[in-house]
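Undergrad: The lines below spell out each chain.
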Amino acid sequence: MALQSLDIKRRSATTTPVPGARATLEVVKLIDVSKCIGCKACQVACMEWNDLRDAIGENRGVYDNPADLSDQSWTVMRFAEVEPAPGRLEWLIRKDGCMHCADPGCLKSCPAPGAIVQYSNGIVDFHQEACVGCGYCVIGCPFNIPRLSPKDGKAYKCTLCSDRVAVGLEPACAKICPTGAILFGSKEDMLHHAAGRVVDLKERGYGQAGVYNPPGVDGTHVMYVLHHADRPELYQGLPKDPGISPLVALWKEIAKTLMNIGLGAAVVGGIVHYLTQGPNEVTEEEEETS
Amino acid sequence: MTNHWVDIKNADLILIMGGNAAEAHPCGFKWVTEAKAHRGAKLIVVDPRFTRSASVADVYAPLRAGTDIAFLGGVINYLLANDRINHEYVKNYTDFTFMVKDDFGFDDGLFTGYDAEKRSYAKTSWGYQIGPDGYVVTDPTLANPRCVYRMLKAHYARYTPEMVATICGTPKEDFLKICGMIAEAAAPDKAMTVMYALGWTQHSQGSQMIRTAAMVQLLLGNIGVAGGGMNALRGHSNIQGLTDLGLLSNLLPGYMTLPGDGEQDYQAYLGTRALKPLRPGQLSYWQNYGKFFVSTMKAWFGDAATAENNWCYHWLPKLDKGYDILQVFENMHQGTVNGYICQGFNPLASAPCKVKVAGALARLKYLVVIDPLATETSEFWQNHGEYNDVDPTAIQTEVFRLPSTCFAEEDGSLVNSGRWLQWHWKAADPPAEAKSDQAIMAGIFLTIRELYRKNGGAFPEPILNLTWKHRQPEEPSPEELAREFSGTALKDQTDPKDPAKVLLKAGQQLNGFAELKDDGSTACGCWIFSGCWSEKGNLMARRDNADPYGIGQTLNWAFAWPANRRILYNRASCTPDGKPFDPKRPLIAWNGAAGAWTGSDIPDYSAVSPPANGMGPFIMNPEGVARFFALDKMAEGPFPEHYEPFESPLAANPLHPNNGKARANPAARVFKGDWASFGSAEEFPQVCTTYRLTEHFHFWTKHAILDAILQPEQFVELGEDLARKKGIRAGDSVRVRSKRGFIVAVAVVTKRIRTLEIAGRKVHTVGVPIHWGFMGMAKNGYITNTLTPFVGDANTQTPEFKSFLVAIEKV
Amino acid sequence: MSKHALIQRHSASERLNHWLVAFAFILAGLSGLGFFHPGFYWLTNLFGGGTWARILHPFFGAGLALFFFIWVGREWKDNRITPEDWQWAKHMGDIMQNKMDNLPPIGKYNLGQKLLTRTMFTAIVLLLASGILIWQPWFAPEFSIELRRIGVVVHAFAAFVVLVCFIVHVYAAYWTRGAIRSMTRGTVTAAWARHHCAGWYKKIAG
Amino acid sequence: MHINRRQFFKVCAATVSGSSLATLGFSPANALAEVREFKLTRATETRNTCPYCSVGCGLLIYSLGDNSKNAPAEIIHIEGDPDHPVNRGTLCPKGAGLLDFVHSPNRLNYPEYRAPGSKEWQRITWNEAFSRIAALMKEDRDAHFIAQNDKGQTVNRWISTGFLAASASSNETGYLTQKIARSLGMLAFDNQARV
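Residue numbers (my numbering), protein chains in the order written: chain P, 40 to 329; chain A, 3 to 813; chain B, 181 to 386; chain W, 15 to 209.
If you are wondering where the hints come from, they were derived from the structure by calculation, not from laboratory data.
Just so it is clear, the structure is predicted and the values come from calculations on it, not from any experiment.
Hints may contain errors.
Unchecked claim - In the PhoX-like style, the derived pairs of lysine-lysine whose C-alpha atoms are separated by at most 20 Å in a straight line are:
| # | chain 1 | residue 1 | chain 2 | residue 2 |
| --- | --- | --- | --- | --- |
| 1 | A | 323 | A | 44 |
| 2 | A | 753 | A | 663 |
| 3 | W | 83 | A | 367 |
| 4 | B | 270 | B | 288 |
| 5 | P | 241 | A | 44 |
| 6 | A | 663 | A | 278 |
| 7 | A | 812 | A | 125 |
| 8 | A | 507 | A | 519 |
| 9 | A | 507 | A | 456 |
| 10 | A | 428 | W | 133 |
| 11 | A | 323 | W | 53 |
As the list claims (entries may be wrong) - So these bits of chain W aren't anywhere near chain P, every CB distance computed over 12 Å:
| # | residue |
| --- | --- |
| 12 | 48 |
| 13 | 53 |
| 14 | 55 |
| 15 | 82 |
| 16 | 91 |
| 17 | 93 |
| 18 | 105 |
| 19 | 108 |
| 20 | 109 |
| 21 | 114 |
| 22 | 123 |
| 23 | 136 |
| 24 | 142 |
| 25 | 156 |
| 26 | 168 |
Each residue gets a CB set at the ideal place from its N, CA and C atoms; glycine is no exception.
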């Protein structure tokens with residue numbers, strides 16, 4: 040058993056603490072959108088390494104293919120032709136996939152114990168053998184990432200190649216990226232590198248360049264360098280300020296606790312009432328008089 | 003490439019034009035991103051489409067397909083007019099001072115000597131003035147109007163920014179911005195690299211486009227320096243190697259050429275190739291041609307090649323003309339070709355004008371296809387519905403399909419674009435009965451040889467005497483073949499200064515082409531590869547990636563031809579007195595103490611010739627310098643001139659509006675029957691260009707499921723204006739027609755293809771990716787070359803796939 | 181015959197209906213609680229594990245809704261709220277202390293039961309509607325994620341309501357002696373009827 | 015029901031503990047949270063070069079088993095060679111998908127022959143293929159070989175059969191092909207340099 044697999048920070052639907060004495064290096068995959076040429080090597084590397092083959096689809100009048108994430112495509116390139124300033128065409132190409140949130144909405148929503156875990160290195164991983172196929176992770180995710188397989192009903196998404204990282208390798212997509220638009224390393228190093236990239240982009244005229252590491256989910260372990268960090272929505276709808284939906288928070292955090300208490304109260308209330316008042320009986324005498 | 007992939011990281015400016023490196027060579031493009039990241043380099047992309055390369059560029063400018071000479075001619079004009087050139091470089095390392103013959107001239111688009119009937123030039127006037135000493139006359143003052151500098155300046159003075167805008171459709175301000183950036187690279191410590199590919203070669207004037215860019219690089223002093231060069235990004239993994247080995251109609255290994263019919267005399271054949279220096283003190287390395295030739299003949303014919311029979315000179319076939327693929331398909335179409343063998347080549351999909359190619363194949367008696375995959379060509383006779391609508395019963399061709407191994411199932415070497423010979427190792431056995439290419443070639447050849455041995459036949463000598471010293475004759479091993487082309491001493495090689503000292507014993511491997519002899523004592527199948535397998539072993543298999551100078555010169559990784567040299571013309575990276583132009587990125591420098599040129603590369607020079615000797619850095623030219631004036635080497639003229647593509651939206655060449663002969667390349671070969679197959683702008687108003695996508699490799703990866711997933715279905719791209727005009731929306735099915743046929747595909751409507759303003763009118767471009775066909779895992783599609791014209795570059799006969807005319811409509 | 185006079189309160193088909201509702205409710209509840217809170221996840225083992233519970237739960241729920249709607253349909257006329265009901269409600273404190281004298285003569289069901297029916301009806305409609313929104317893999321993919329998020333919250337809340345109703349209902353049935361018998365054997369004693377539902381008793385007894 | 019404030023708190027406390035009993039006490043058994051097993055642990059690694067474009071990226075090919083006699087190598091994974099100076103472990107989408115080229119359903123397995131006018135392939139042996147091809151070539155060469163041209167110049171060429179060399183075959187194959195083609199006098203000889 041890989042040592043790393045025991046270093047778990049969070050585990051879905053688990054009410055006791057998980058073994059967490061060891062603190063491993065926190066890792067980050069940094070996607071530098073300004074270097075990405077949209078070649079889709081990462082899509083192939085992902086499918087090849089994870090033994091997936093998506094359907095051979097059709098062209099829908101765009102470069103995006105497969106058109107969306109699926110149980111077989113854990114990452115896809117999303118192409119956007121935009122003109123942030125009039126007459127200045129930019130072809131923004133974003134690698135979409137799991138962001139490995141520090142506060143993962145999927146994990147919070149998941150009712151199946153151990154189906155979703157967050158390792159102490161930050162990777163959020165799905166364990167399909169424990170997954171029940173309820174789709175709550177889809178509901179919980181602020182980035183619309185997990186997909187249920189039509190074949191087995193289980194949820195799938197990017198594992199950040201936890202099997203490779205566990206043996207000290209980088210994720211397949213990061214290794215393959217021909218332009219170095221996908222880097223993988225310690226969170227500290229990646230933030231440092233990203234800061235340098237932002238300086239370079241600003242020098243090249245992208246005044247609003249920045250790093251996408253949204254605080255609404257306590258940051259992510261997949262970060263973007265964006266030329267237009269002020270307008271992430273330009274990148275085919277990257278959410279500007281993502282967070283776990285208030286509805287999900289209401290559902291999982293407040294409501295369930297209160298309702299558990301409510302149910303308990305109802306039961307206990309009944310018991311107390313019975314013990315103090317006894318049964319509501321028709322007396323023998325009443326029966327006799329009828 | 004004059005330089006190599008990793009060296010791109012040394013560039014300060016990168017011009018991607020006539021290519022789309024990010025799309026077609028993503029892993030090489032990495033070094034562009036490295037240059038940007040670590041040198042703050044800027045990237046310029048000039049292309050009819052806003053490509054994947056453009057998506058990460060600092061500056062993008064559009065131009066009309068096929069007008070690159072006009073654009074680059076405009077850059078030359080800018081550099082000369084504003085005097086933004088590397089003076090020390092051009093004066094010493096180019097023919098700037100050379101005097102051109104007085105009878106040479108240029109008039110309204112045509113150079114002297116044009117024969118309209120033959121569509122070719124008599125090139126007698128295209129030369130330098132030669133003095134009584136046999137050397138070229140020069141004018142170091144550069145004042146004489148007949149010196150190359152003056153003539154060059156006069157020639158390109160017509161390429162004003164306004165003319166560029168008229169022809170190319172490139173907005174003037176974009177063009178001038180790019181000129182200004184390029185001019186920066188004229189500083190001795192700045193380097194621009196040019197990355198191009200088939201976006202330049204696949205035009206009827208493709209070679210001249212490349213020449214124009216090379217001239218820009220010479221003006222800037224960027225040839226031979228780290229981070230500079232003219233970098234052809236070859237399309238296929240070993241097309242560099244196969245070209246090096248001379249697998250073209252007119253070539254022998256190492257860029258030696260086959261004789262023509264008229265060259266009946268061996269010495270005369272050598273005389274026109276082993277050129278004497280044209281300036282004093284020059285090396286003129288081709289003077290060694292005889293050594294290369296004899297060694298090749300010894301490798302091929304062994305003991306049968308003797309001084310007496312001129313080393314089997316007459317055993318080689320002689321050329322009455324070139325038999326490039328277009329000529330052969332023309333002949334096949336005419337019915338004069340009976341047999342054809344396709345070794346891993348899919349001409350039905352790759353060659354222009356599918357209807358002509360398919361018709362030609364159907365006239366063959368036999369066709370042999372050797373391939374790991376089921377290609378379209380192997381099934382040209384099979385009905386595949388709308389995509390290949392033929393009647394098999396009417397096709398009488400015998401077809402053989404022989405399964406070969408793929409890369410993973412064989413040992414051997416490939417030459418990458420940077421001229422590195424890299425060895426690879428077999429990982430698994432091939433499927434079922436598939437055989438290696440060597441075994442298949444041996445099987446065919448040995449069977450033929452046996453027939454000739456038994457039954458005799460036409461001129462059997464070369465067949466019977468071809469060397470075949472293989473331990474397993476039916477499967478020559480890659481190791482044996484590599485040793486053969488690297489070169490072997492046939493007799494003991496002694497030290498010229500001390501004949502008693504034996505340097506190499508007979509049977510030992512040579513260290514390099516410097517050891518080749520023209521006395522028959524050495525054998526070498528490909529002189530430029532010489533030394534790749536020496537007595538030190540297989541240098542192509544070396545795997546030491548150490549980069550001691552930090553500029554990407556990994557001399558102990560694999561083997562680069564020639565002589566493990568990584569950057570060609572590297573002597574030009576130094577000033578005439580032997581000091582690097584840019585001391586921060588030194589390639590070589592004169593080391594007075596050692597009495598030799600030393601540094602991070604193998605000198606492309608006489609290693610011990612001191613600067614004071616004045617030897618030029620371009621040692622393969624008899625002048626010792628680089629040529630702006632191409633002499634008689636190019637078919638259409640010594641200076642590149644813009645001509646319109648054969649199918650152009652313009653009725654006349656804007657540079658020569660009144661000379662119909664100068665509309666399209668006057669020297670390009672057009673077969674008689676093909677004139678009628680060119681379409682007019684009235685009928686086919688849109689400019690069309692074909693290209694690769696990054697998701698696919700040619701007609702090959704559609705057989706791989708993983709890549710079929712990425713781009714499953716054929717599509718064409720068009721701009722928003724044209725789409726609006728034609729009522730086409732993204733995802734619609736559209737028909738694209740040329741005079742030669744039509745394809746139907748899904749429309750991708752994009753902002754990335756702009757409408758251009760050409761000579762006062764709007765011109766739309768339609769982009770057609772090439773990758774689909776009727777075989778493979780992806781959705782079947784039409785062969786793109788259904789659309790393309792059957793005309794090629796005047797020098798190389800590379801088909802004009804990049805600019806022709808179509809009409810597009812919604813289906 | 182019992183020694184006391186018996187009155188038919190629930191017909192056999194009514195009782196069958198009730199117990200089908202109850203059975204579906206228990207199955208839906210047990211299979212659904214595991215998804216309500218991890219502490220109940222062990223209950224999914226009753227159904228062959230989490231995946232089976234996920235597969236079966238919506239069908240139990242749909243069954244519950246179906247039977248419950250039938251029940252409501254057939255009992256509707258006895259569930260209309262009358263002025264007596266409000267009079268009865270004023271005696272709530274007494275009732276809770278088992279002081280059943282001086283109650284107004286109410287119909288077959290008291291106001292508590294009527295409100296419970298209404299609450300449960302509303303909750304089950306909500307459960308059904310929100311359940312469809314999140315029913316994998318059949319319906320959920322057709323709805324937007326935002327709608328599904330509303331769905332899970334509504335589902336959880338309605339489930340809570342319905343569970344509280346269930347607890348109240350079960351306790352009330354246990355507390356009110358004779359009530360369980362009315363739903364098992366169908367009969368109550370006349371005294372029981374007079375005691376709890378004087379109006380109904382009068383109607384029946386004439 | 016008489017519940018005073020004190021009772022209320024008692025009830026609440028009981029409820030919470032009850033709730034905890036129900037929910038926390040029955041915390042489900044820990045399912046094993048282990049990553050997927052690394053699939054290359056004992057695979058055989060072979061160095062190779064990408065056969066597509068001319069960047070010449072280094073590859074690592076991983077095959078099943080340890081090459082023992084009883085385990086024929088089967089390629090299971092291909093990735094970039096991190097030691098390679100150019101690609102440094104990276105690959106493009108084509109190179110990344112090489113596994114599916116090696117295992118393409120369209121790989122050819124046997125020599126095949128299509129007779130004139132036929133609508134189908136028939137499987138033949140290598141010997142049959144070589145014999146028939148050699149006979150066709152010799153027949154054509156003997157019939158159309160040009161030893162001398164009209165002017166009486168020795169030209170020794172055979173132009174009625176053409177040869178297209180590949181673009182991805184090795185130098186060794188190319189060299190052998192060049193030798194054979196020229197020994198036969200072939201000039202209608204080209205490669206894929208242009209297209």
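Undergrad: Compare the structure with each hint and give your call.
TA: Verification of the supplied hints:
| no. | hint | result |
| --- | --- | --- |
| 1 | A:323 x A:44 | violated (45 Å) |
| 2 | A:753 x A:663 | violated (36 Å) |
| 3 | W:83 x A:367 | violated (45 Å) |
| 4 | B:270 x B:288 | holds (18 Å) |
| 5 | P:241 x A:44 | holds (14 Å) |
| 6 | A:663 x A:278 | violated (37 Å) |
| 7 | A:812 x A:125 | violated (49 Å) |
| 8 | A:507 x A:519 | holds (14 Å) |
| 9 | A:507 x A:456 | violated (37 Å) |
| 10 | A:428 x W:133 | violated (36 Å) |
| 11 | A:323 x W:53 | violated (57 Å) |
| 12 | 48 | violated (4 Å) |
| 13 | 53 | violated (7 Å) |
| 14 | 55 | violated (8 Å) |
| 15 | 82 | holds (24 Å) |
| 16 | 91 | violated (7 Å) |
| 17 | 93 | violated (7 Å) |
| 18 | 105 | violated (5 Å) |
| 19 | 108 | violated (8 Å) |
| 20 | 109 | violated (8 Å) |
| 21 | 114 | violated (8 Å) |
| 22 | 123 | holds (22 Å) |
| 23 | 136 | holds (30 Å) |
| 24 | 142 | holds (36 Å) |
| 25 | 156 | holds (49 Å) |
| 26 | 168 | holds (52 Å) |
Comparing the model with each numbered hint stated earlier shows that hints 1, 2, 3, 6, 7, 9, 10, 11, 12, 13, 14, 16, 17, 18, 19, 20 and 21 do not hold.
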